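Visitor: Going line by line, the protein sequences match chains P and F. Quick note: the first sequence uses this note's numbering, first residue 1, plus one each step. Quick note: the second sequence uses this note's numbering, first residue 1, plus one each step.
In case anyone wonders, no lab produced these hints; they're calculated from the structure.
Now the in silico label distances, taken between C-beta atoms and shown as ranges:
(1) L31(P) to D4(F): 55 to 61 Å
(2) S113(F) to L202(P): 27 to 33 Å
(3) A126(F) to I287(P): 44 to 50 Å
(4) N249(P) to K196(F): 35 to 41 Å
(5) S117(F) to V330(P): 38 to 44 Å
(6) G134(F) to Q256(P): 28 to 34 Å
(7) K184(P) to K14(F): 30 to 36 Å
(8) A126(F) to H280(P): 58 to 64 Å
(9) N249(P) to L65(F): 28 to 34 Å
(10) D179(F) to T329(P): 40 to 46 Å
(11) G134(F) to N249(P): 23 to 29 Å
(12) F12(F) to F30(P): 43 to 49 Å
(13) F198(P) to S117(F): 28 to 34 Å
Here are the simulated DSSO-like cross-link-like pairs (lysine-lysine), alpha carbons at most 27 Å apart as the crow flies:
(14) K109(F) to K8(P)
(15) K333(P) to K7(F)
(16) K137(F) to K2(P)
(17) K58(F) to K13(F)
(18) K128(F) to K169(F)
(19) K2(P) to K109(F)
(20) K102(F) to K333(P)
(21) K2(P) to K127(F)
(22) K8(P) to K149(F)
(23) K14(F) to K334(P)
(24) K7(F) to K334(P)
(25) K102(F) to K2(P)
(26) K184(P) to K149(F)
(27) K102(F) to K8(P)
(28) K128(F) to K18(P)
(29) K2(P) to K128(F)
(30) K58(F) to K334(P)
(31) K184(P) to K102(F)
(32) K102(F) to K334(P)
(33) K127(F) to K18(P)
(34) K137(F) to K18(P)
From a predicted model like this one, the values you see are computed outputs, not experimental measurements. Every residue gets a Cβ at the ideal spot worked out from N, C-alpha and C, and that includes glycine.
The primary structure of each chain is shown beneath.
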Amino acid sequence: MKILFIIKRIIRQIVNDKRSLGLILVVPLFLLSLIFLLLGDSGYKAKIAVSGIPLAISDKITAQGVTVTQTSLSDGRALVNNKTVDAFFYIEDNQMNLLFESNDAVKTGVVTKSIQTAIKELSPGSFMKAEFIYGKSDDSMFNSLGYIMLGIISFFIVFIIAGISFVRERTNQTMERLMMTPVKRWEVVCGYTLGFGFFAALQSIILIAFVKWVLKMPIAGSVLTTGLIMILLSLSAVCIGAFFSIFSNNEFQIMQFIPVVVVPQIFFSGLISLDTLPFHLGMISRIMPVYYACDALKGVAIKGEGLLSILPDITALLVFIVIFSCFNTVALKKFRRI
Amino acid sequence: MIIDVIKVAKSFKKQLVLRDINLSINENEIFGLIGPSGSGKTTLIRLIIGAISADSGKVNIGDFLIPDIRALDIIGYMPQNDALYNDLSGYDNLLFFGGMYKTESQELKRRVSEVLSLVELSGDGAKKVINYSGGMKKRLSLAVALLNKPRILILDEPTVGVDPVLRKKIWDEFSRLKDDGTTIILTTHVMDEAVKCDRLGLIYGGTIIACDKVSALLARTKGNSIEELFFERQGQ
Numbered sequence: 001m002k003i004l005f006i007i008k009r010i011i012r013q014i015v016n017d018k019r020s021l022g023l024i025l026v027v028p029l030f031l032l033s034l035i036f037l038l039l040g041d042s043g044y045k046a047k048i049a050v051s052g053i054p055l056a057i058s059d060k061i062t063a064q065g066v067t068v069t070q071t072s073l074s075d076g077r078a079l080v081n082n083k084t085v086d087a088f089f090y091i092e093d094n095q096m097n098l099l100f101e102s103n104d105a106v107k108t109g110v111v112t113k114s115i116q117t118a119i120k121e122l123s124p125g126s127f128m129k130a131e132f133i134y135g136k137s138d139d140s141m142f143n144s145l146g147y148i149m150l151g152i153i154s155f156f157i158v159f160i161i162a163g164i165s166f167v168r169e170r171t172n173q174t175m176e177r178l179m180m181t182p183v184k185r186w187e188v189v190c191g192y193t194l195g196f197g198f199f200a201a202l203q204s205i206i207l208i209a210f211v212k213w214v215l216k217m218p219i220a221g222s223v224l225t226t227g228l229i230m231i232l233l234s235l236s237a238v239c240i241g242a243f244f245s246i247f248s249n250n251e252f253q254i255m256q257f258i259p260v261v262v263v264p265q266i267f268f269s270g271l272i273s274l275d276t277l278p279f280h281l282g283m284i285s286r287i288m289p290v291y292y293a294c295d296a297l298k299g300v301a302i303k304g305e306g307l308l309s310i311l312p313d314i315t316a317l318l319v320f321i322v323i324f325s326c327f328n329t330v331a332l333k334k335f336r337r338i
Numbered sequence: 001m002i003i004d005v006i007k008v009a010k011s012f013k014k015q016l017v018l019r020d021i022n023l024s025i026n027e028n029e030i031f032g033l034i035g036p037s038g039s040g041k042t043t044l045i046r047l048i049i050g051a052i053s054a055d056s057g058k059v060n061i062g063d064f065l066i067p068d069i070r071a072l073d074i075i076g077y078m079p080q081n082d083a084l085y086n087d088l089s090g091y092d093n094l095l096f097f098g099g100m101y102k103t104e105s106q107e108l109k110r111r112v113s114e115v116l117s118l119v120e121l122s123g124d125g126a127k128k129v130i131n132y133s134g135g136m137k138k139r140l141s142l143a144v145a146l147l148n149k150p151r152i153l154i155l156d157e158p159t160v161g162v163d164p165v166l167r168k169k170i171w172d173e174f175s176r177l178k179d180d181g182t183t184i185i186l187t188t189h190v191m192d193e194a195v196k197c198d199r200l201g202l203i204y205g206g207t208i209i210a211c212d213k214v215s216a217l218l219a220r221t222k223g224n225s226i227e228e229l230f231f232e233r234q235g236q
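Same shape as in the complex, but just chain F:
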């Protein structure tokens, strides 16, 4: 399913956050949105998923014009902060969010155990989330996003505050999901993570300043570092 962002603009309280955004994200790729904080990454992600609506322009996911409730069936979303119920156990969190998709009880329980072991939390499922460490919360949050076997996975800063070992594991999981045919869109401001994506959209000051394959972007730089493309922009 191809995701098309067409001429999208968005402002909050008269402050322009995004302007004239055009993006096309292909099926079965890992697309990274990279940019400094405050550049509009999260706003763009929320526009794509339909959590907020654009002032002008439109977003299409396959045949769906966003917002469309049917599109939510095939999307998995992991917001920037963990967005979990602290008073519930990890297992109950998954059971609840899983219940929001059309899922028969037995099948749901099976899927919950499946995603729990996928993020290596099988042993901690019964613990209340309030007792989880930061990394565990992050993994559980990812597990929630995977519940409905999404064809499109949208992740807002999935590896912030995650240690290098766990980060590698999470990225291994991303490649595995991609091999299964999942499209992944993620935001990051860590450059060494960005190069693991198939394609990158560089976002700065509310516009996409470059969008291409990682190798093509690197070829444009002198020092073989994506950061240079931002510094160039800043200099102007």
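Same shape as in the complex, but just chain P:
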């Protein structure tokens, strides 16, 4: 199998190049840890104002290290507005309400968690409405950020490594030499995708294990499905990296594609809400693999969805891989017409 020789060669090359190996396997862990520290439960001492909340509940909240101030219904809003407190927790029309100034991931996370814990113990099943003075509520925002970053980091790194490796192969003329052997063009593309795919899979496994057992981020759905999404995203990064290397004559020109190819995908990954964009600009996300992967990751890891409900996302990723592999196979005609 010629493909097997190509796969083995790429694996050997990366294993021999310790920097690339580190970039693929260690750097994502470092970045993810940083994000975790920035967003995670940092022991932030939250301050809230309450009005009309039973004493039993507010005591439970205080017990979790949150400073609770009693206030009136009319003053509470002002306290939140001038940032004296992080949130205002009140009962109006027999309905529990929680008011934030804006959607700050850490503060809202700490407050919501402590209040939810208190309510769950005392009156399970009761409903609380969260409200923001600025921005809007998105239950999954706090947790989903981590998974979105997981997708972005993985795509970014694999894109760079695969793109640069392909460009080097051209500048070293090893690609021309390779194409002057009786190997078929599709075999080269498959070998490349699978060779890098090996490291992409390894990276995904390590990242997910790290997220689950070291950072202890909750994965609601199947770990296996999460891994599958990550691997498909990395494979699409390989194909797209290889594709853009066609238009690059050196390593720096690959770097020039980062603001064009990678950065917009970060914007449209779900990090920023797309529903509010005018002129259906949110639809741009539909041509971006990172969007589908992050959507699927959120679905599985946070909402606990099964393979079936993320099938559209998986299909979209597969379509990206197939289309770009075909592009790449055709692009190799540059080296050999047949």
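Fit chain F to the known structure of chain P by using the hints.
Guide: This is chain F only, laid out in the frame that chain P set:
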């Protein structure tokens, strides 16, 4: 297998690099393409092997109309720069390129050791290519071209940057390969090397200005030097 280049022309970005090239290279000979840099030697070599296609005209290798993937089975190609994977050992480079031909695993490993010792790199096979000297890279590159026991060996400037001792060794290897029935096409701009070929094609400004046996070409000159044929051309 006879190689026929028939009325080939090629231009890059509207600049004519080769025009009306006609060549016939016989089986079992060492054919040298000689000419100054920029004369179109490499372009012609790449056209013959099928790495690029001609604007007009055609190339036949035996029964194959180039480009033909089947022809690549019997061709060994050594590009001008070394075209090796620097992160891999010499041995792994050979193993990889060897794997691109139909080769069974045991047989492939045997062949890899064989070509390694042929270019006297047996002791350095485990070293990464990045640590090789220029001459070692050149030898390894030649070894890659020999992997599939090619019937036609196409070499682009095989001895540039190679010291005289090694150059002699490489040429000894060429004669040995020729004796085994291999056709060798090589480019060079070193005149004393050119005279070791059986036949020469003189290429200048994108055309073949002369193509004959070395002795016949020398007979045309006054001072017994191939260079004169180029100077004549330049004078015109």
